[in-house]
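Trainee: Here are the chains, one letter per residue:
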Amino acid sequence: MFKKILIANRGEIAVRIAKACKEMGITSAAIFSDTDKDSLHVRVADEAYYIGSSAATESYLVGEKINEIAKNIGANAIHPGYGFLSENSNFIKMVEDAGITFIGPSSQTVKLMGNKTSARTLMKKNRVPIVPGTTEPITSVEDAKETALKIGLPIMLKAAAGGGGKGMRRVDKIEEIEEALERTKSESMKSFKNDAVYIEKFIENPKHIEVQILGDKYGNYIHLFERECSVQRRHQKVIEEAPSPSLDNELRKKITEAGVNAARACNYHNAGTIEFLYDKNGDFYFLEMNTRLQVEHPVTEFITGVDIVKEQIRIANGEKLSIEQNDIKIRGHSIECRIYAEDVDGNFAPSIGNIYHHRLPSGPGVRVDRGIDVLSEVSVYYDPMLSKLITWGKDRTEALERMLRALGEYQIAGVKTNIHSYQWILNHPRFLDLSFDINFLEDDFLPLLPGKWKEELPNKYDEVAAILAVMLKQKDSEIKPKKNIRSTSNQWESLSHE
Amino acid sequence: MFKKILIANRGEIAVRIAKACKEMGITSAAIFSDTDKDSLHVRVADEAYYIGSSAATESYLVGEKINEIAKNIGANAIHPGYGFLSENSNFIKMVEDAGITFIGPSSQTVKLMGNKTSARTLMKKNRVPIVPGTTEPITSVEDAKETALKIGLPIMLKAAAGGGGKGMRRVDKIEEIEEALERTKSESMKSFKNDAVYIEKFIENPKHIEVQILGDKYGNYIHLFERECSVQRRHQKVIEEAPSPSLDNELRKKITEAGVNAARACNYHNAGTIEFLYDKNGDFYFLEMNTRLQVEHPVTEFITGVDIVKEQIRIANGEKLSIEQNDIKIRGHSIECRIYAEDVDGNFAPSIGNIYHHRLPSGPGVRVDRGIDVLSEVSVYYDPMLSKLITWGKDRTEALERMLRALGEYQIAGVKTNIHSYQWILNHPRFLDLSFDINFLEDDFLPLLPGKWKEELPNKYDEVAAILAVMLKQKDSEIKPKKNIRSTSNQWESLSHE
Amino acid sequence: MNEFVVNLENKEFNISIDKTNKVIVNGKERNVELSKLSDFSYLLKVDEKVYHITSEKKDSKNYSFFIDGFSYDVSVRTLLEEKAYELLKNKSNNNHNAVVKSPMPGLVLKIKKKVGDKVEMGDSLLLLEAMKMENDIRATSSGVVKEIFVSENSAVEKNEILMIIS
Amino acid sequence: MNEFVVNLENKEFNISIDKTNKVIVNGKERNVELSKLSDFSYLLKVDEKVYHITSEKKDSKNYSFFIDGFSYDVSVRTLLEEKAYELLKNKSNNNHNAVVKSPMPGLVLKIKKKVGDKVEMGDSLLLLEAMKMENDIRATSSGVVKEIFVSENSAVEKNEILMIIS
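Listed in order, the protein sequences are those of chains L, S, R and C. According to the numbering used here, the residues represented by the first sequence are 212 to 709, in order. According to the numbering used here, the residues represented by the second sequence are 212 to 709, in order. According to the numbering used here, the residues represented by the third sequence are 18 to 183, in order. According to the numbering used here, the residues represented by the fourth sequence are 18 to 183, in order.
Simulated from the structure, these hints should not be mistaken for laboratory data. Take these hints with a grain of salt, some might be off.
Below are the BS3-like pairs computed for lysine-lysine, each with C-alpha atoms no more than 30 Å apart in a straight line [to be verified]: (1) S:K686 with C:K66; (2) R:K28 with R:K100; (3) L:K663 with R:K129.
Just the calculated beta-carbon pair ranges, DEER-fashion [claimed, not checked]: (4) L:R445 with S:V591: 52 to 58 Å; (5) S:V591 with R:G44: 41 to 47 Å; (6) C:K75 with R:L126: 57 to 63 Å; (7) R:S171 with C:K66: 45 to 51 Å; (8) L:E415 with S:T608: 47 to 53 Å; (9) S:G285 with L:T608: 23 to 29 Å; (10) L:K404 with C:T37: 40 to 46 Å; (11) C:L124 with S:E387: 20 to 26 Å; (12) S:D644 with L:G285: 29 to 35 Å; (13) S:P658 with C:K163: 49 to 55 Å; (14) C:D140 with L:G285: 47 to 53 Å; (15) R:N170 with L:N478: 40 to 46 Å; (16) C:L124 with R:K45: 50 to 56 Å; (17) C:K163 with S:V352: 35 to 41 Å.
A virtual CB, placed ideally from N, CA and C, is assigned to each residue, including glycine.
Produce the complete structure using the sequences and hints provided.
Mentor: Below, the structure written as structure tokens:
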């Protein structure tokens, strides 16, 4: 087994990986930027190395530096987490060339699947259903128009090098194609240094369902069932569930088999996710493959009992899959809510600050994967996701009841969070009766901004909040500022610890 | 379903029950003594009522007061938790007579099983194996001596009204019986207001294995498999596991069936536990029945997915068992470590104080059931158990690796805890190779007190601790006391929040 | 007996308080008891109910609370302060200007309105790129665009004034 | 350059420290960096290793640390303090009295030794009932019982002196 793993990431996923290393007896090495000097991922790791200034482009995105550190400290392997360099085939190639094990698929596979057109071609060839459209980049506006008319509007223009909801644009009218194509190309060039764009038929109000697979280096594949990730805002997932409550067992069998076929088609090894769109007609289409660990992997871990990060490490270490498909059974239901530092009613602006108070929820069926601790700093430089709250229940109802209970227990002071907004989402009829799709939040929640969504919730604590405000103001006016003298006989003060 | 449940307890179990109520949409009402005015169980409940001064005999043990409050506040049911009045048949009778549902078995059943001699008689009749000895109280010293000689020394003298390791004494020599009998009787009278004492053969170095059962009010019974609870100190469990790693499936089948038979024999309804002694010959003997929720119920919840507290509430509400025996499968392995506020090297004296810092462990496979939060007070009045740390893994090894990882993450400042001692226990060969029995800690750990047990652990952080001490002392000497002025440009101070 | 006016989420509460653990909320008497657990954490009992509340004080009149997963921004004024506030509000109503500020540092991608355009509450005003995301800045009140202070592709700071709608 | 003597668990460390993030531990140089996260929480880097430590200061010479599930009671002295301490220790060795104190409030159930009895470290001295449990008070050093200050069935306070063993 590896002696030392360098974790090329930060935040909750770096913490998650360090914990897996700890359990496996592997030394974990964190990297940190200026801002992250004392961040939680540094606190939990065994070793920590400075990587550069706070901007990701100076630190977590600089493959050369990371590769260099890995070599210098004698790391046997690099875990990339998600985001940053996790799907960068050049980086992976560099790591491979340095004789260090990359905990993920090979650079060839990542390159192949990272190009969405070549991935579509491959899937089509291996009879994994793909969304109607082109499998080659658009070469001219005329081509684009022709394809659009053939498959029918509306269509999606997508960057071949894109993914994860980035670099895509919907076109409803034929005369909009030219401008849209230009803009998608320019954005794609800016984001991915590649302006190849292809066309997919626009699937009306689908759900987003994805299949988690594991493959070893000997051609063995299993799936860990699927996740439902339709609750999204601007293509960013907000809530994920496993299993998908939208599928019956027959469809579950079909889609998971398609997932395994997709992985096999690209000689995949390690953990990967095949994303599908699932439409109102009960058809599903290959959307893209994420060649890395997903943010939402804990819901799969909860229902299957498999520690995906540890499996990743074992697979990278050259071990054969220790689990067979028949050993994997779904138990119960799991839900994840992503906790963001953001101002929901202020255009979702990231909320910056120090975490002064951080009380985790606890008790049965509750898991928290977190990137923060008391007195962590939430900065402008990185993704504002603070933590993930994941619950398990014997069925969707119990998982949901536990989620609402745990959200109520979760206390954070110092930044604004999106916790309150989950009261609206999780209690919404469309979430409960499964009629949601990927446009659920866009259609039903965003129009209630700012603030009107709160009016749809019960006025549970209005009066209590009003009373507390008055009592605190009254107390404040009573207490005269003293010079560092505290009377222990004063009950008001005695409980307060400074 | 009940509208309101009064929780006749405090600490972690009251918190646990309040959370179940919350998930079920039931109003929870806490009771509190003077000391517990702001305790966590009060913070998490929906309502809270003052019950009396801090001594348990003035508050949590006063059945009349609790029953009166329940009536006044319109509680439909009372959950007793464990300890305090949970197995007091007079209290249960009083509650029943007031027309309030007691969440537990009937007062008759509790009375029957609370008397250990009548319980032994009943078990014997129903072919649940009991430890050789008397099924009637001892009437004279001569009787006692005769029985002792018949079944062979050593023997145990046990209070008929005792249980949970209280009111029992080992006798090795025939000439010690008289004094031992006198002392056991006097202690029994003091503790239980009943001086009936019976004899059991002393079982040499057994393991303690117990079966969790659920029974509804319609004669349906299931078991939730067994727990291994042999790691004890002075008859108090310290570590519990599920399933028992000591049993094979055949024995597991036998012992769980015996558990169900025992429950059926006494017309049991609600959740209950049948404790067995399991000896080196592979025989097991009925020890006693705990007619209430157990401290260690979470390990069973983790491996079966059943929420035992919710099942208790549903059963009490007159619902039929919703689960069948065939639905209950063991998944993986779970371990619980009880976190006590105590000074391990100071005769395990309870450690009193305020919790200044409380950071919960988190991540995959970790559950904490806790009675404390930041700034809770740990007082002399009650049991010093602060919380329970429970982990799950796909097997015993993974559960153990996660436990060690989670114990490392768990930070408490303000009181001494027994956390460090788990490093010794969980890494000990006898714990790992399953050769432990109920005398494990007495035999192997207690002789290493005070302090010598630490020498058997790796010197992982000695030097680090020494360096930190020097740096803090150095810093302290540098910083001159200032009058409430803090410079934000001082890096040393700027992260510190008061 | 001190009297206060509390506003939260478009609701107003009139609350009076004395020192005997009693408050009167919109005419109804409540028994209250408050324990401070830490600078950020309070336990409030109102009659028989218990609430564990996370609190951040913004200034002497504004608090932000977090109760059981619900968040509240609360402003509280003494009767005197309330009178001053009303006066101010009336003044600004006569000369009503809504200032649109940048909620975060970023880059102005697109300005969707020009001076003189009518806007409805909720209309998209401009696109701001920040944290690698396009953020839609929407109008929080209706009116006419009076002035625009930024141009496309310009960088803006947090709280920089972007537009005025009157 | 300041020099310190640190004692923990029967081990002694000689550590010198200057202000340039370097310490010398028993002659070996270490690069160190300390961040204070809160009054009870520190992040210490020693060379490439990182440690997250929970800390309680007992007094100017004694700290209690908690690292990755391990607890440490540490005493640290400057060279000057160490000399004073050694002097004191030698003195008390000449007239060695071990004081047995009650670790908690409780009731003395049984006294197992009488004045003049020889005791070995670890021997049970008396039974104390507290928190509904019988607690065995054991000798932490060997010697002879010199004096007993309590009687059976008497109540004792925390830290009350029970016996002296010399």
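Trainee: Could you tell me whether the CB distance from S171 (chain R) to K66 (chain C) stays inside 45 to 51 Å?
Mentor: holds (46 Å)
Trainee: Holds or violated: K686 (chain S) with K66 (chain C), Cα cutoff 30 Å?
Mentor: holds (21 Å)
Trainee: Starting from the range 50 to 56 Å, see whether the pair L124 (chain C) and K45 (chain R) falls in it by beta-carbon distance.
Mentor: holds (51 Å)
Trainee: So the hint says 29 to 35 Å: do the beta-carbon atoms of D644 (chain S) and G285 (chain L) match that?
Mentor: holds (34 Å)
Trainee: Measuring from beta carbon to beta carbon, are N170 (chain R) and N478 (chain L) in 40 to 46 Å?
Mentor: holds (44 Å)
Trainee: Does the hinted range 52 to 58 Å hold for R445 (chain L) and V591 (chain S) at CB?
Mentor: Given range 52 to 58 Å: holds, Cβ gap about 56 Å.
Trainee: Is it true that the C-beta distance of D140 (chain C) to G285 (chain L) lies inside 47 to 53 Å, as the hint says?
Mentor: holds (52 Å)
Trainee: Is 47 to 53 Å respected by the C-beta to C-beta distance linking E415 (chain L) and T608 (chain S)?
Mentor: Because 49 Å falls inside the window, the suggested range holds.
Trainee: Taking only the CA atoms, is the gap from K663 (chain L) to K129 (chain R) under or equal to 30 Å?
Mentor: holds (24 Å)
Trainee: So does V591 (chain S) sit 41 to 47 Å from G44 (chain R), Cβ to Cβ?
Mentor: With a Cβ separation near 45 Å, V591 (chain S) and G44 (chain R) satisfy 41 to 47 Å, so the hint holds.
Trainee: With 23 to 29 Å as the target window, see if G285 (chain S) and T608 (chain L) comply at their CB atoms.
Mentor: Holds - the Cβ-Cβ distance for G285 (chain S) and T608 (chain L), about 27 Å, lies within 23 to 29 Å.
Trainee: For K75 (chain C) and L126 (chain R), compare the CB-CB distance with the range 57 to 63 Å and indicate the outcome.
Mentor: With a Cβ separation near 58 Å, K75 (chain C) and L126 (chain R) satisfy 57 to 63 Å, so the hint holds.
Checked against the numbered hints above, the structure violates only hint 13.
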